[in-house]
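Q: In the order they appear, the protein sequences are chains A and B. Sequence positions in the first sequence follow UniProt numbering and run 1 to 135. Sequence positions in the second sequence follow UniProt numbering and run 1 to 201.
These aren't lab readings, by the way, just hints derived from the structure by calculation. Incorrect hints may appear among the rest.
[Stated by the list, open to error] Pairs of lysine to aspartate or glutamate residues, derived as EDC-like cross-links and limited to a Cα-Cα distance of at most 16 Å, are as follows:
hint : chain 1 : residue 1 : chain 2 : residue 2
1    : A       : Lys82     : A       : Glu53
2    : B       : Lys92     : A       : Glu87
3    : A       : Lys82     : A       : Glu104
4    : B       : Lys92     : A       : Asp89
5    : B       : Lys92     : B       : Asp3
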Amino acid sequence: MAGGTVGIVLVSHSREVADSAAALAVALAGAGPDAPVAAAGGTPDGGLGTSSELIAGAAAAVDRGAGVAVLVDLGSAVLTVKALLAEGDELPPDTRLVDAPFLEGAIAAVVTASAGGGLDAVEAAASEAYGYRKA
Amino acid sequence: MLDAEFFRRWLTGTAALVDREAARLTELDSAIGDADHGSNLQRGFTAVTEALAKDAPETPGAVLVLAGGQLISKVGGASGPLYGTLLRRTGKELGDAAEVTPGQFAAAFAAGVAAVAGLGGAKAGDKTMLDALEPAVAALGADTDTFAAARDAAGQGARDTVPLLARKGRASYLGERSIGHEDPGAASSALLLAALAEAVA
Numbered sequence: 001m002a003g004g005t006v007g008i009v010l011v012s013h014s015r016e017v018a019d020s021a022a023a024l025a026v027a028l029a030g031a032g033p034d035a036p037v038a039a040a041g042g043t044p045d046g047g048l049g050t051s052s053e054l055i056a057g058a059a060a061a062v063d064r065g066a067g068v069a070v071l072v073d074l075g076s077a078v079l080t081v082k083a084l085l086a087e088g089d090e091l092p093p094d095t096r097l098v099d100a101p102f103l104e105g106a107i108a109a110v111v112t113a114s115a116g117g118g119l120d121a122v123e124a125a126a127s128e129a130y131g132y133r134k135a
Numbered sequence: 001m002l003d004a005e006f007f008r009r010w011l012t013g014t015a016a017l018v019d020r021e022a023a024r025l026t027e028l029d030s031a032i033g034d035a036d037h038g039s040n041l042q043r044g045f046t047a048v049t050e051a052l053a054k055d056a057p058e059t060p061g062a063v064l065v066l067a068g069g070q071l072i073s074k075v076g077g078a079s080g081p082l083y084g085t086l087l088r089r090t091g092k093e094l095g096d097a098a099e100v101t102p103g104q105f106a107a108a109f110a111a112g113v114a115a116v117a118g119l120g121g122a123k124a125g126d127k128t129m130l131d132a133l134e135p136a137v138a139a140l141g142a143d144t145d146t147f148a149a150a151r152d153a154a155g156q157g158a159r160d161t162v163p164l165l166a167r168k169g170r171a172s173y174l175g176e177r178s179i180g181h182e183d184p185g186a187a188s189s190a191l192l193l194a195a196l197a198e199a200v201a
C-alpha cells in the first residue's frame, strides 16, 4: 500500500447517475491532491443495468497501487461487484466494496482520498455518511 | 458418470429453454420486477452457448466455470452474478476431474446454491430463486434418476412462491403487492433443473 492515492469507482445502474455523482464528488473535493475517480454506470450500450466489464475497466483505470474503493447503488450493482471480488483476479489487489450511501458516500470518499487518506480512512468516511441524519 | 459433454448438454439445453420461455419470464418480472429477466437470461445463456462452442472445455468443472464467468459478465442484471456464482462455485467444487458421479455433482451443486444464498443474503421463503434451488438440492441424490425429482421439486418450489411476500430485491419494495405472483428467478431456476433432467437422456 506504499505511495499512490486511493482510487474511487462509482457503480450505478445508470450511466448518467454514475457520471454525475463522480462529477459532483470531484467538484466538492476542492483543492489538494486529486484522487482518481471513475464512473461505471449502466451497460456498455448505454442501457440501464450493471456491466462487469465497465466495472473492471474503471477499477483498473483508477488503481494507483493504494487500493480501490468501489461504491455501488443497489441490486445487481452490489451483486456484480461481490461476484467480481469473489473471482479473485478480475479487480486490482486491495479493491474493496464499501458499504455506504451512494452519493453522500462518494463525496466523502473522494474528499478523503484527495486529502491523502488510505483505503481504511476512505472506507470509514464513506460509511459514516450513513450516520448523518437529515430530519 | 457425467462428463464434460453432459454439462455442455445441460447448459445448451438451459439456453434453449430460456429462449422458449423468455417471454413468460419477462412477463413474471413485469409484475414484480423491472421486466428484463427473460431478455437478460437470454443474452447470458446465448453467450454461454457461444463460449462453449468456441472453447469446448474438457472437464465438467471447466465447462461450469466458463459458463458462470459468461453470465457474470454478460447479463447486466442481478440474475447474472447470481447464476454466474451458482455455476462457477459448482464447477470449482468439481475440480479438474474428467468425469464426476451424480452424487459428486449433487454435493457440488449444493455448495453452489449455498454460495448464491451468501451472495444475495437470502434464505428459503424470501421469494427468490432459492425457493426453487433448495428443494432441488434436497431432491438430488447419488444417481441420475434423482434429476427428474429435482426438476419436479424446483418446479413446485417456483409455484410455491406465488403466495409469498418478497423480502429481497426490487420486488421487496412492493411489500404486499408482491403477493400473488410467481417469482421470476425461481421460475428460471426451475428451467435450469428441467434442462438438467433432459440432459440425462
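Q: Hint by hint, note whether the structure agrees.
A: Results for each hint:
no.: 1; hint: A:Lys82 <-> A:Glu53; verdict: holds, 14 Å
no.: 2; hint: B:Lys92 <-> A:Glu87; verdict: holds, 11 Å
no.: 3; hint: A:Lys82 <-> A:Glu104; verdict: violated, 21 Å
no.: 4; hint: B:Lys92 <-> A:Asp89; verdict: holds, 15 Å
no.: 5; hint: B:Lys92 <-> B:Asp3; verdict: holds, 15 Å
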